[in-house]
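There are 2 protein chains.
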Amino acid sequence: MEAESFSQHISRRFNEELEHVRSEVLRMGGLVEQHLDVAVQALVSGDSEMGLRIAAEDYKVNRMEVAIDEECTRILATRGPAAADLRLVISVIKAITDLERIGDEGRKLAMLAAHLATEKQGHGEYHELEALAGHVQEMVRNSLDAFSRMDAEDALAVVEEDKLVDEQYDMITRQCISLMMEDPRTIRRFLDVTWAARALERIGDHAKNIAEYVVYLVHGKDIRHVGIEVVKQEMGLPDTNP
Amino acid sequence: MEAESFSQHISRRFNEELEHVRSEVLRMGGLVEQHLDVAVQALVSGDSEMGLRIAAEDYKVNRMEVAIDEECTRILATRGPAAADLRLVISVIKAITDLERIGDEGRKLAMLAAHLATEKQGHGEYHELEALAGHVQEMVRNSLDAFSRMDAEDALAVVEEDKLVDEQYDMITRQCISLMMEDPRTIRRFLDVTWAARALERIGDHAKNIAEYVVYLVHGKDIRHVGIEVVKQEMGLPDTNP
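Protein chains in written order, with this note's numbering: chain A, 29 to 270; chain B, 29 to 270.
The following block holds chain A by itself, in its conformation from the complex (with noise of 0.2 Å):
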């Protein structure tokens, strides 16, 4: 009776360290959306200082994974977890990379914007930029609901979002080549644009990548570098590809 209460305890505080790991990797999410947040405004509002501000953050969102990823290396060091909950402590080692490079990307944007802020300001060109923002923020927003419901099927339909982002960000760099051949006066202002997209469009590559591991943390199966239309067919899905 004595061993199995005190196994249990151990399983508990198991299971509670699991958790709060779980949950500080949803808050460090929050956080890098939030900064994403303040850097969108900032280019779309033009606020340089804003801009700046924001930029000044990221070490919050590193300090962050550094604290997560030894947290992570201390329960496989001396819990020595299995099946399930040692995918789950792999996907969070690999997960909170991604969050801090799209932190990293964030501040990019947000340098750029304030940047951008400086510059004579154009007219319509940041439209686009904002609905790739938006499309961007989502898939993120996604990723990690899809992380904290260890939800697959919500996983994967942000992998397929990833391919419509790609389309926005090549339209968007094909519109900023015309416009600056139409006028080389606006080179360095659309070339800050086309790296604000670049930067948008890497941000959902690492929203995909997020997704990538919440199946491969539901199903254990690796389906990176595999086609969406073999996963779905193996997690016995519908294709809803066009």
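No lab work stands behind these hints: they were computed from the structure. Hints are supplied without guarantee of correctness; some may be wrong.
Which copy is meant is left open, so a pair is good if it fits within one copy or across any two.
Calculated pairs, DSSO-like style, for lysine-lysine (alpha carbon to alpha carbon, straight line, at most 27 Å) [as the list claims (entries may be wrong)]: (1) Lys191 - Lys88; (2) Lys122 - Lys249; (3) Lys136 - Lys191; (4) Lys88 - Lys136; (5) Lys249 - Lys191; (6) Lys260 - Lys88; (7) Lys249 - Lys260; (8) Lys88 - Lys249; (9) Lys122 - Lys136; (10) Lys88 - Lys122; (11) Lys122 - Lys191.
With the hints as your guide, set chain B onto chain A.
Coordinates of chain B only, in the frame set by chain A:
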């Protein structure tokens, strides 16, 4: 005596597994280096066919990543490694993600090389790109060497190199902008050059990440997001910064 030889057997098998994972990482690194080398050659020599051919080889790198990742997960699940062994496995899991992304950027570079080869070539603008590529390729090689020899001092040298790569990248970008402004007909071409430089700069970032994992592996210190001077001081190394 029998029990001892059994545990010796287990321990020998475990060491073999770790050694195998380590050598697989170096093999993957070798493949990534080779692809990168061909992509750079295609860029410099303007060989479109070579660029497309090597871009199509990237799936081999992806496959190796998934295989090594699975082996690491199996080792964590069955061996429950601790201390330095655990650090090795975690470093490998992280390093292969960066190697895979170097492969991705190499593929982008190869595609840009294929594209640039079809455009009217200017004069001299690829020299700087070639110099940047050489620098970045050296960083990749040195980070893998440092990993292979578990040499934290050499790894730190790679981390420091990254600053110079960033400066080279900024210089190329500024040059491209000037040239585009001088002659707007070159916008498309110099944008491609800028993007090739960007891909190289990102490869430098990934080499730096790998070098940082080597320091973690050897010293158990997570040096990401920490000033290099602080790290050197803690490791008892002289500060060689100018």
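Hints versus structure:
1. In this assembly of identical chains, the alpha carbons of lysine 191 and lysine 88 lie at most 27 Å apart only when taken from different copies (22 Å versus 31 Å within one copy).
2. Taking CA atoms no more than 27 Å apart as the test, lysine 122 paired with lysine 249 passes in both settings, with 15 Å inside one copy and 18 Å between copies.
3. Taking the shortest alpha-carbon separations for lysine 136 and lysine 191, both the intra-copy value of 22 Å and the inter-copy value of 17 Å come in at or below 27 Å.
4. Within a single copy, lysine 88 and lysine 136 get their C-alpha atoms as close as 15 Å, which meets the 27 Å cut-off; across copies the closest is 32 Å, which misses it.
5. With identical chains, the CA atoms of lysine 249 and lysine 191 are at most 27 Å apart within one copy only, with a shortest distance of 21 Å there and 38 Å across copies.
6. In this assembly of identical chains, lysine 260 and lysine 88 lie within 27 Å of each other by CA distance solely across copies; the values are 23 Å between and 37 Å within a copy.
7. Taking CA atoms no more than 27 Å apart as the test, lysine 249 paired with lysine 260 passes inside one copy only; the shortest distance there is 12 Å, against 41 Å between copies.
8. Only between protomers do lysine 88 and lysine 249 lie at most 27 Å apart by alpha-carbon distance; the minimum there is 19 Å, versus 32 Å within a single protomer.
9. For the homomeric pair lysine 122 and lysine 136, the shortest alpha-carbon distances inside one copy (22 Å) and between copies (23 Å) are both at most 27 Å.
10. For the identical chains of this complex, lysine 88 and lysine 122 are neighbours both inside a copy (18 Å) and across copies (21 Å), given an alpha-carbon limit of 27 Å.
11. In the homo-oligomer, the alpha carbons of lysine 122 and lysine 191 lie at most 27 Å apart both inside one protomer (22 Å) and across protomers (26 Å), since each shortest distance falls under that limit.
Checked against the numbered hints given earlier, this structure breaks none of them.
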